[in-house]
Amino acid sequence: MKKNLRRVVATVGAMALCASCFAGCSEESAVETSTTSDAAVAEESDTVSMGFVLPLTGSVPNIGAAMQNGAQLAIDEINAAGGVLGKQIEPIFEDDENKPATAPNAITKLIEQNKVDVVLGTYASSCSMAMTSIAADSETLMISIGSTNSKVTEEGGDYIFRACFIDPLQGSVGAQFAYEDMGVTKVAMLYDVGKDYCVGISSTFSETFTSLGGEIVYEGKYNTGDTDFKSYLTEIKNSGAEVLYVPDDYDVVGLVAKQVKEIGLEIEMLGSDSWSSPDLISIGGDAVEGSYFTDHVSIKSDALAGFVDAYTTAFGEDPSSFSVLAYDAVYIAAAAMTNAGTSTDDAAIVAAMNELDEVCGTTNYKFDELGDPIKNVIINQVVDGAFEFVTEIAAG
Amino acid sequence: METLLQQIINGICQGSVYALIAIGYTMVYGIIKLINFAHCDIYMIGAYAGYFAVCTLRFGFTGTLLFAMAACAVLGVTIERIAYKPLRNSPKVTLFITTMGVELLLQNLIKTDFLAGPNTLAFPEIFALETYKFGDVIISNYQIISVLTTIVLSILLQLLVKKTKVGRAMRATSFDRDAAALMGINTNKVISITFAIGSALAGTAGVIVGLLYPKLTPAMGVMPGLKSFVAAVLGGIGVIPGAMVGGVLMGLIETLSKVYISSGFSDAISFSVLIIILLVKPTGLFGKNTREKV
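Chains A and B, in that order, give the protein sequences. At position 244 of the first sequence the residue is numbered 244 (our numbering), and the sequence of numbers has no breaks. At position 72 of the second sequence the residue is numbered 72 (our numbering), and the sequence of numbers has no breaks.
Worth double-checking, as some hints may not be accurate.
Straight-line distance between alpha carbons at most 27 Å, and here's what the computed DSS-like set of lysine-lysine pairs gives [to be verified]: (1) K109/A - K288/B; (2) K163/B - K288/B; (3) K215/B - K99/A; (4) K115/A - K87/A; (5) K92/B - K189/B; (6) K99/A - K111/B; (7) K133/B - K186/A; (8) K151/A - K366/A; (9) K261/A - K133/B; (10) K366/A - K300/A; (11) K189/B - K33/B; (12) K261/A - K215/B.
Hints in this document: simulated from the structure, not taken from any laboratory.
Just chain B, with the same shape it has in the complex (with noise of 0.2 Å):
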């Protein structure tokens, strides 16, 4: 019993990060319909940003966490103003490859010499592990973090989804674009801030990740991507509380399989649940059904 307690801990924690990285893939899908996989490359950023401050600049971690997610949302906005913003009204496999374009673009600037290098980075340890032992189950102070941030940020989106002004110019545009600008709201801005937020939660999970896992390469961000994709789309794409618990329920998935099916499997097992998901619910757990405009 204790032992699946203490899955189910690893599990969370594991899809805390999802859950950050989810969001934003969910919040761009929501606004301009685009699923942007670049996505999962700021986040490897954020990582790489997060070394640099701890290394470079000898930030402590809250403001490791802050130069990571600002240097996230100047990114995340500029590749939206160069890359998507001409494309905006192009079909959307144009839009979509422009997307895996940045990708490979970003992974492989990382690569040269001139910034990180291809060689495999240590993340330094901001502070020192500790660990807490409640009963049998045994927490540290890693993953306390990482699932508090995760909260925390939850909590302060969604406040500004649900009662600012910005919110809800967000969520006029993302209902209907078109009617949203009628009504005087400037939506190339909105969606510069939605792209700002969610690289910087994806920025926000790079440090995390840095902190869990100490070994930065430029690939690392295609796997946590790929399972934040299918949490985003689990929990129903569009939708941001949906994000989060998709992101949790994919870190339990993935842990639970590990261990009482097969630990070969459980990336296997992890993808299926977006078929799955695809064939009984395509909406996702949260997803409302909506008709397609003709």
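Isolated chain A (complex conformation) (with noise of 0.2 Å):
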């Protein structure tokens, strides 16, 4: 009997829970039916709300930190100096925890709950990717921060856009660097064959270096989430290589390197914008020394002086190129919005980005068709601890 009771109160249990999930869907859908007039209710207000999609915490949180921190920065600038169109503006953060399952919640959340005006964000181009139809569906603008895969705005449509440059390039870049300035023809790659950033810029890689007249000589893919490397760099080690390209993120690229020690493998290792963190050089130690790899900017440069005093000033830590972007992602998409002369309207919002070619924060802003930014890069090299500036190379 008393088993029977028990069965009695599960099985209540179990079916108040599925009535009450179902309720919760059904209310979700209502509220995806009336975001069409949700446009109305947002012109009444007095502040201008900006959501942020940032990897604040899980694989790469000190980029998280570092675009955070960047924005925070310009917001409060931007506020300071009386706001966009008199309005000041609201920052909302949201983290995706960098995985491309968590990125899509979070950008619906920002829309649908938080009804801001346009989402800045993200990092890893698969969250960018996953976020894209989501931010086109309900006509609000997105500017990606860190997200350099092609696809994000191929694919995204009319209303994404982005601060960074994109994989092709750095990816032929990076092979233009290694062809003509490192001066080596034998290189080997590995890549995370999980990652739509380590694929789309490896591949532009190869095709580059090839052209060139330079050879693949080893092609590691390895899966996201391994620690083990030393069997692709024991192949690496006999494949004559002179040259390591590792595009993925820094808590790989430390491991990677770490390894390539462990196994005695002399070689020169080059990477990409990924690397960008302070964390390359915990995880990597003295084993990340001497790398270069493609970047978005270089702190040292003089141009950034400004904007390094008062970074260091606000947080009492130095900038990554991260914090950069996300800086100029805001003054980006102030300027538009001052340009069309509304916070709300997205439609006008856009058409003002694609005329936009003025100063957003650091440096000058104009977008392609695409919505990527005409843009150089700039190779940095690791040299005791600290990423030194070494060359500046022009797009195209």
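Bring the two chains, given one by one in their own frames, into a single complex with the hints.
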């Protein structure tokens, strides 16, 4: 009898749970259908709300924090100078954990619940690509801060822009630098097959490098989350490669660099903008010393001196290139809103974005027809645990 | 040829970590016929405990290892007492699902800011890396330490199980728990000891992984945990030497398939081993055929 009672209670509980789920679902769909009328509601507001989707936790929290600080700095500056169209900017920060599965939830919350005017973010290309359709469907302007895969704007549509350069450019500049400046002809590549960023950038690197006359002597593909690379590195050792190209996040690169040393492989390493975090040094130690990578900016350049000063006073640490991109992205959005004369009519703001040709934040921004900025690529080198400027290579 | 040799060394080194984790799976299965999915997170906690021991308590390598082992042993026994013991006579599925629940609980607990937080931590270097050259083959002191630790612990465990009174009690409990209890063996205590030893070994694996691959994340246990589980099945689940051999074999299969077959498919290949074993020899390499009692 007692057992039966338990069973009844359990069944009722389960049914209640299911019912509440369904109730939740139907509520949500009700919200979705009513979004079109939300624009009218937002018109009343006397602030400009900017939604941010950033990797605040997860595998690259340093990049998330750098972006958040950069954005906050720009917002504080703009607000102190009177705001956008006389309205103060109110930021709302959401976390995507650097996971493509979490990013859509974050942007949906910003658009549906917080009713933000624009969305800025995010870092990983896979995450941004999971967000673009949501932004496009609700006709909200989205400026990706650090996603360099070309598909983000190609497949995203008219409402998607970005503040950074794209992988084809980064990959080909990397190849150009390896062939012309480093003077090598044999390169080994190692990349994550599960990340759009890594696959995209590696394929353009390989194309450019071969067309220049170089040779890709080894191509190793690993899975997201792998920690052992010694089997690949042993093969690379025998392939005669002079440079190892690893376009992946700094935490993975740190592990790769350590294992390069562990198996006694003497090779120069070349990477991409996702290396650009102080944690590259804390995980990789002296194993990453001397490596080169393509980056968005050089923190050491004179043009950024003012920004770096303001940033270090505000947050007590050095900015990374992603702080700069986030800072610029806020200024881009603000400039487009000012030029369009509205903070809520996203179609007008997008039109203003396409016309934009002015200094936003640290440098001049002008977008091509896809929504990608026309920018130069910087090469940085790890010297004594800091990132030193090496050279600047023009787009095209 | 030297490359193959080097790759085999890489594989054995990787496999030694799997072996340490697989022993925990196999011991628990051997004694209460339970696949403890939370085991992979005990390994994760071991890595974090090692991090704490090095960064906060400033222990050396041996101290760190012992601290992580102790922390994991206590955790393993606590989980067994709180979550599994009350369910010991419930259907297998209930227990099985509970282990998954505990797995998620541990992962999400460590994610809280109160403990380690959700972010990747860099395991500090306890001692400097050194490499030794034998012809064209290079071995690092990290690799030597990981393989040696596994060998020493495996021998100790084998001695414990075969030569001591506790070991005899464990074997008896594993053979028939009710009969063992009738013979005056405190089976609850024996089960706790089993959990403690299995978890301590997982803790060791955590520290070794911290040394070899200095990147700690709350979900770091999942992949090695699954592969070690396959290793335990490959060697014959419930058989301790089987788990060791299975672990090393898994490391070799993974490394060699990465190099000689396809780097992108190495995980798929590792896991198809599980399917093949279940189809061809469900009891594993070292398992004996036992008739199901009706």
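Cross-check of the supplied hints:
no.	hint	verdict
1	K109/A - K288/B	violated, 55 Å
2	K163/B - K288/B	holds, 22 Å
3	K215/B - K99/A	holds, 18 Å
4	K115/A - K87/A	holds, 16 Å
5	K92/B - K189/B	holds, 21 Å
6	K99/A - K111/B	holds, 15 Å
7	K133/B - K186/A	holds, 25 Å
8	K151/A - K366/A	holds, 19 Å
9	K261/A - K133/B	holds, 13 Å
10	K366/A - K300/A	holds, 24 Å
11	K189/B - K33/B	holds, 16 Å
12	K261/A - K215/B	holds, 16 Å
In this structure, only the earlier hint numbered 1 is contradicted, and the remaining ones agree with it.
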